[in-house]
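Residue 565 in numbering that gives the first Met the number 0 sits at position 566 of the sequence shown; the count goes up by one each step and never skips.
The hints are simulated quantities; they were obtained by calculation from the structure and are not laboratory data. Among the clues, some could well be false.
Computed list of lysine-lysine pairs in DSS-like fashion (alpha-carbon distance at most 25 Å, straight line) [claimed, not checked]:
id : residue 1 : residue 2
1  : 445       : 712
2  : 366       : 727
3  : 272       : 224
4  : 712       : 695
5  : 465       : 78
6  : 224       : 123
7  : 550       : 505
8  : 712       : 415
9  : 373       : 387
10 : 564       : 463
11 : 719       : 564
12 : 719       : 550
13 : 648       : 550
14 : 78        : 550
15 : 221       : 267
16 : 548       : 704
17 : 704       : 453
Label pairs and their calculated CB-CB ranges [to be verified]:
id : residue 1 : residue 2 : range
18 : 222       : 17        : 30 to 40 Å
19 : 386       : 739       : 20 to 30 Å
20 : 688       : 613       : 17 to 27 Å
Predicted model, so just to flag it, every value in this text is computed and none were measured. Cβ atoms here follow ideal geometry from the backbone N, Cα and C, with glycine treated the same way.
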Amino acid sequence: MGRTLQNTMINLGLQNACDEAVYQLGLDMEELEEIEEDAGLGNGGLGRLAACFLDSMATLGLAAYGYGIRYEYGIFNQKIRDGWQVEEADDWLRHGNPWEKARPEYMLPVHFYGHVEHSAAGAKWVDTQVVLALPYDTPVPGYMNNTVNTMRLWSARAPNDFNLRDFNVGDYIQAVLDRNLAENISRVLYPNDNFFEGKELRLKQEYFVVAATLQDIIRRFKASKFGSTDTVRTVFDSFPDQVAIQLNDTHPAMAIPELMRIFVDIEKLPWDKAWDLTRRTFAYTNHTVLPEALERWPVDLVEKLLPRHLQIIYEINQRHLDHIASLFPDDVDRLRRMSLIEEGGIKRINMAHLCIVGSHAVNGVAKIHSEIVKTQVFEDFAELEPEKFQNKTNGITPRRWLLLCNPGLAELIAEKIGEDYVRDLSQLTKLHEFVDDDLFIREVAKVKQENKVKFALYLEKEYKVKINPSSMFDVHVKRIHEYKRQLMNCLHIITMYNRIRRDPAKLFVPRTVIIGGKAAPGYHMAKMIIKLINAVAQVVNNDPVVGSKLKVIFLENYRVSLAEKVIPATDLSEQISTAGTEASGTGNMKFMLNGALTIGTMDGANVEMAEEAGEENLFIFGMRVEDVTELDRKGYNAQLYYDRLPELKQAVDQIKSGFFSPKEPNLFSDVINMLFHHDRFKVFADYEAYVKCQEKVSELYLNSKAWTKMVIKNIAAAGKFSSDRTIKEYARDIWHVEPSDLKIPPPNEPRDAAQDKTPNGTAA
Numbered sequence: 000m001g002r003t004l005q006n007t008m009i010n011l012g013l014q015n016a017c018d019e020a021v022y023q024l025g026l027d028m029e030e031l032e033e034i035e036e037d038a039g040l041g042n043g044g045l046g047r048l049a050a051c052f053l054d055s056m057a058t059l060g061l062a063a064y065g066y067g068i069r070y071e072y073g074i075f076n077q078k079i080r081d082g083w084q085v086e087e088a089d090d091w092l093r094h095g096n097p098w099e100k101a102r103p104e105y106m107l108p109v110h111f112y113g114h115v116e117h118s119a120a121g122a123k124w125v126d127t128q129v130v131l132a133l134p135y136d137t138p139v140p141g142y143m144n145n146t147v148n149t150m151r152l153w154s155a156r157a158p159n160d161f162n163l164r165d166f167n168v169g170d171y172i173q174a175v176l177d178r179n180l181a182e183n184i185s186r187v188l189y190p191n192d193n194f195f196e197g198k199e200l201r202l203k204q205e206y207f208v209v210a211a212t213l214q215d216i217i218r219r220f221k222a223s224k225f226g227s228t229d230t231v232r233t234v235f236d237s238f239p240d241q242v243a244i245q246l247n248d249t250h251p252a253m254a255i256p257e258l259m260r261i262f263v264d265i266e267k268l269p270w271d272k273a274w275d276l277t278r279r280t281f282a283y284t285n286h287t288v289l290p291e292a293l294e295r296w297p298v299d300l301v302e303k304l305l306p307r308h309l310q311i312i313y314e315i316n317q318r319h320l321d322h323i324a325s326l327f328p329d330d331v332d333r334l335r336r337m338s339l340i341e342e343g344g345i346k347r348i349n350m351a352h353l354c355i356v357g358s359h360a361v362n363g364v365a366k367i368h369s370e371i372v373k374t375q376v377f378e379d380f381a382e383l384e385p386e387k388f389q390n391k392t393n394g395i396t397p398r399r400w401l402l403l404c405n406p407g408l409a410e411l412i413a414e415k416i417g418e419d420y421v422r423d424l425s426q427l428t429k430l431h432e433f434v435d436d437d438l439f440i441r442e443v444a445k446v447k448q449e450n451k452v453k454f455a456l457y458l459e460k461e462y463k464v465k466i467n468p469s470s471m472f473d474v475h476v477k478r479i480h481e482y483k484r485q486l487m488n489c490l491h492i493i494t495m496y497n498r499i500r501r502d503p504a505k506l507f508v509p510r511t512v513i514i515g516g517k518a519a520p521g522y523h524m525a526k527m528i529i530k531l532i533n534a535v536a537q538v539v540n541n542d543p544v545v546g547s548k549l550k551v552i553f554l555e556n557y558r559v560s561l562a563e564k565v566i567p568a569t570d571l572s573e574q575i576s577t578a579g580t581e582a583s584g585t586g587n588m589k590f591m592l593n594g595a596l597t598i599g600t601m602d603g604a605n606v607e608m609a610e611e612a613g614e615e616n617l618f619i620f621g622m623r624v625e626d627v628t629e630l631d632r633k634g635y636n637a638q639l640y641y642d643r644l645p646e647l648k649q650a651v652d653q654i655k656s657g658f659f660s661p662k663e664p665n666l667f668s669d670v671i672n673m674l675f676h677h678d679r680f681k682v683f684a685d686y687e688a689y690v691k692c693q694e695k696v697s698e699l700y701l702n703s704k705a706w707t708k709m710v711i712k713n714i715a716a717a718g719k720f721s722s723d724r725t726i727k728e729y730a731r732d733i734w735h736v737e738p739s740d741l742k743i744p745p746p747n748e749p750r751d752a753a754q755d756k757t758p759n760g761t762a763a
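Take the sequences, apply the hints, and build the full model.
Next comes the structure, spelled out in C-alpha cells:
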C-alpha cells in the first residue's frame, strides 16, 4: 500500500489546504510525509496491483472490500553491505499506525488440525485448535466522490484459554508463552515473489485469511435485507447475486473448499446446490505462468492441518474427473493432466486447477498472457469451457502514479486538457493535438529535468552519490529475478564501459543506469546478480577514463515510496523479460504515464503499450513468444552466441576472470555457469538485439525535441492503462455490478430519504 497521508489528502481534495495550514505552523509538509513508514504488506506487482484496485473500486463507487493479513513484519528492509543484500526486519508498526482501527467486536474463530467425524447428520470437524482473527480496518477513500471503502486486515490472537483448557494444569507460565505459536500466523510476510515455498506456516496464513473473510462475508450477507429468510427460497439462493469474491492468484484458493464446508456441513445445503452457489461466487485471476510459482500443496500437509478440506477437495475432484471421463472416455492421460491431485512422488494438490474448477470466470492480466493461459498452461480446461476464460489487462491508479508522484506533469496536462482526465484517463488522447506544439514540448522537457534534478539531490543526500542530471536516466526497478533479466542489463553496462575505454574520444551519450529491487532471501542466484551489479558499479564509477559518461547506481530498498521518487525522474524504462514470462508488468505503465520511453521485449502489457502508442514509439527488440518456442524446440545453445559476438565474449570473460572481483576471481562462477548451461531465460539470445536497440535509444536522446515528442505520444497513449478501466471490465464482465461516477453528498449535507435507498447490487 505504501504511504497513506498524501494519497488521502489528494483523494479528499484537501492537499492544498493541508499544505498551507502546515506551512503556517512553520512545518514543511514534504518533511512530514517522509516520516511515514511504507505499509509493505506484499512482495511486488501482485500486492501493488491490489492496492491500485482498491483505489479504483472506491473511485468508481463500488461496494468493495479488500481483505488480507495484517503482517506485523512486512517485506524486509534491504541494506546493501559490501555489495551484498542484507535483510532487516520491517518493524513498520513500531510507532503505531494511525490509519487503522482495531475492530474487536468482529473477532472470529479460525480452526486448525483436529479430525473429522461422520454420522447420519453429516460431517463434523472436531478437536480443533482455535486461533482468533482480529480485524483492523483501514479507510480507502475514492477520488473526490465522498466514498470511503474498507480494507480489512486480520491479525492472529490466541484465545484466553489457549493451552490452559486441557489437562495441561501444571505449567501456567509456559502455556501463556505458547500463545505466541498461535499469534505467529500474522507475524511475517513470506518474501518470495513468483516462487512457491510449501511451508506449513504459509498454508496456515492462507487458510487464516480465507476462513476469517468468508465468515465475515456470510455474517454481512445474513444481516442484510437480501439474506432475510424467504418462505419460497433457500436463504442462500441469492448469495452469488449479492457476493462476488475475486481470488488474487491461487493464494486464497482454500476459500473454495471452505465455502463448500460452510454450505454443506454448517448450513446443511445439498452438495449440488452448494457447488452451484460456490462456483457462481468465485472468480480466479492467474498472475504467473512460471512453473516454480504455481502452488502445489502436499496432500499430507493439508490432511494434517485441514482434514475436512482435503475430503472436500477429493470429492470436488471425483465429480470433476467423472464429468471429464463422460466427455472423453478412455482418455486416461487427460484425466491425469486435469486432476486436482498430482500423483507420482509425493501427492500434491494443484491449486490452480482447484481455482479453475471452482470459479465461473478465469482471467489473465494482459492479452498475450491470457492467450498463453488458454493455449498452453490450462489448454485442457479452456477446451472444456472456453467461455470461462477472459482477459483483464492490468492497470495502475493515476491518483498515486501521476497526481501524487508527479504534480508538475499532472498540472501541465490539466492546463492543456482540463482536470477530468484524472477520473477518465482515456482523455489523455487529447494530448495528441499538442505533439508539435513547441512550447508544450519545452514544458514537458522542463518538468522532466526538474524531476531529475530533484531525484539527483535525493540520491546525494541519502546515498552520498553525485550524478549528472543531464545524463540519460536509464532505470530498471522491479523484483530481482532471472526472468526479468537484470543480468542482460548488466552485460549492456559492461559493453558500454568497454566501448568508452576502447575509444575515450568518441562521442558517448552520458547515462546514469539505476537498478533496484529486492531478492528473495533464499534465492541464491538473485543475490549473486545484486552483488555483480554492485561489483560492476564499483569498477565503472571509479574509472577516470569513464568520468561522468557512465554511472551505475544500485538503488537500495526499492519500495512504493522510492518508486514515487524515481519513476517521474526516469528517461528510459527497462522492461526486458524473456517473451512469455512477465504476465503483465505494471511498472511499465507507471513509467509510460510519467514521461519515460520504454525499451522492452514483446512481453506482458508491453505488447499493448506498443499497440496503443505505435510500435515505432517504443524501443521494442528481441525474440517474440514464437521465437522463444522455436528456440526451445531446436535447443538453446548459449556457447553459439558467446563464440559469435566479440563484445558479449569480452563482457562474459571479464566477469569470469575476476575483472570485477579481483580479490575473489571465481566469485561469479555460479552466474557464468548458469548463463552457459542452464539459462532458462536465454540472456545471450537477446543480447545483440538489446545492445543494438540501446544504440538507437542513445541516438534519439541526442535530439531532445524528437525524444520529447515521442514522450508526449506515449503519455497520450497511456489512458488504457488506468486501473479504473481494468476495474470497470471486472465489474461488468465478472462481478456483474455497475460502477457509478455519482458523487455522494458529503456527510454535512442532509440527504433525501428517497436517495438513501441503495439499489440492489453485488458487493465485491
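Do the hints match the structure? See the list:
| no. | hint | verdict |
| --- | --- | --- |
| 1 | 445 <-> 712 | 17 Å, holds |
| 2 | 366 <-> 727 | 17 Å, holds |
| 3 | 272 <-> 224 | 22 Å, holds |
| 4 | 712 <-> 695 | 18 Å, holds |
| 5 | 465 <-> 78 | 20 Å, holds |
| 6 | 224 <-> 123 | 30 Å, violated |
| 7 | 550 <-> 505 | 17 Å, holds |
| 8 | 712 <-> 415 | 14 Å, holds |
| 9 | 373 <-> 387 | 10 Å, holds |
| 10 | 564 <-> 463 | 17 Å, holds |
| 11 | 719 <-> 564 | 23 Å, holds |
| 12 | 719 <-> 550 | 34 Å, violated |
| 13 | 648 <-> 550 | 22 Å, holds |
| 14 | 78 <-> 550 | 20 Å, holds |
| 15 | 221 <-> 267 | 16 Å, holds |
| 16 | 548 <-> 704 | 21 Å, holds |
| 17 | 704 <-> 453 | 22 Å, holds |
| 18 | 222 <-> 17: 30 to 40 Å | 37 Å, holds |
| 19 | 386 <-> 739: 20 to 30 Å | 28 Å, holds |
| 20 | 688 <-> 613: 17 to 27 Å | 20 Å, holds |
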